[in-house]
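Each protein sequence line maps, in turn, to chains A and B. If you count the first sequence from 1, position 84 lands on 106 in our numbering, and the numbers rise without skipping. If you count the second sequence from 1, position 216 lands on 223 in our numbering, and the numbers rise without skipping.
Calculated from the structure, these hints are not laboratory results. Bear in mind that the values here come from a model prediction, so they are computed numbers and not experimental data. Hints are supplied without guarantee of correctness; some may be wrong.
To be verified - Derived DEER-like restraints, expressed as beta-carbon distance ranges:
{"#": "1", "chain 1": "A", "residue 1": "R49", "chain 2": "B", "residue 2": "R149", "range": "21 to 27 Å"}
{"#": "2", "chain 1": "B", "residue 1": "A66", "chain 2": "A", "residue 2": "H53", "range": "45 to 51 Å"}
{"#": "3", "chain 1": "A", "residue 1": "T61", "chain 2": "B", "residue 2": "A146", "range": "33 to 39 Å"}
{"#": "4", "chain 1": "B", "residue 1": "L113", "chain 2": "A", "residue 2": "L122", "range": "38 to 44 Å"}
Unchecked claim - Among the chain A residues that face chain B by a calculated CB cut under 7 Å, a handful are:
{"#": "5", "residue": "R49"}
{"#": "6", "residue": "H53"}
{"#": "7", "residue": "F85"}
{"#": "8", "residue": "P87"}
{"#": "9", "residue": "A94"}
Every residue gets a Cβ at the ideal spot worked out from N, C-alpha and C, and that includes glycine.
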Amino acid sequence: MTLWLVIIGTCAGCYLLKLAGLSAPRRLLDHPLVRRFATTVPVALLAALIAVQTAGGGQEPVFDPARAGGVAAAAVALLLRAPFLVVLIAAAATAAGLRLLGL
Amino acid sequence: MRDGLGLGIAVGLSGTAFGAAAVTAGLSVPQACVLSLLAFTGASQFALVGVIAGGGGLAAGAAGALLLGSRNTLYGLRMADLLPWRGPRRLLAAHGIIDETAAGALAQPSAAWARTSFVTVFATLYLTWNLTTLVGALATERIGDTDAFGLDAMGAAVFLALIAPRLRDNPRERLVAALAAAIALAALPFAPPGVPVLLAAAAALAVPGGGPDGASGNGGDAGAAGGEVRT
């Protein structure tokens, strides 16, 4: 039940954030601090999520060689400027392959 | 529209990964589908189920999702001139403001082209994202252990792909990303699940902008950051 409430709340919040941008006065964008925070926060949050998810997501950081290998494969694919699709497949295939090998 | 097709397939694949991640985290199939239908902003959805998978912290999960969703506000601000609709059409258009539609619309040479691009990309992705979420969620419910297919590495890979172009072009953002990852990992053993990611948002403010004195004290990165023009 609580989970449903959180899901509905998140949905409502995400929608209102989109609507707010379309309806807000454009001056807001001229404020340098707003602009800097809004453009940089996604990079910070996504980088943190990558770190946390690679470390297992729980409170004890766990090194899972297969998962770490999958993320590393994605990084290599991105360095080679592979398309999004190839990056995802590289990550999943590497992690699955390493697990198959018993890592 | 060849790019559109590639984008559709890629989004479809990450939709499947989202459905799988959501069910693995303990959400039901309807819960996964409601998120894709009504939140419809991938990174936020992944963030929420990622935190839930990490062991609770529902409020922190929602806060992380909303912080990530706030970049859609910025896209909306930038697209307001291109999408001058009022009333119900504006309410509908607002739902379509995400990374991909913004990137598409803002790259067009005229407002008319921007509107066409926005409507096309929105409609295609909405359909693809929701269908594949359902497929991923249902399949995971059947299969059970998706780790065997490497799907657990895919969430991080999606995020990495999203920020890769910015890390490539912008030394300051590389520093922000490294600092954010370090903060999150350092906080992991002490803070409740989900909170480390929120704390890492501080990295966005901690690293100064590209001003003349901006790069001081950042060691090896200072030289690279000095050549940066944006504010």
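Here is what the structure says about each hint:
no.	hint	verdict
1	A:R49 / B:R149: 21 to 27 Å	violated, 52 Å
2	B:A66 / A:H53: 45 to 51 Å	violated, 28 Å
3	A:T61 / B:A146: 33 to 39 Å	holds, 36 Å
4	B:L113 / A:L122: 38 to 44 Å	holds, 43 Å
5	R49	violated, 10 Å
6	H53	violated, 11 Å
7	F85	violated, 12 Å
8	P87	violated, 11 Å
9	A94	violated, 9 Å
Of the hints listed earlier, those the structure fails to meet are numbers 1, 2, 5, 6, 7, 8 and 9, in rising order.
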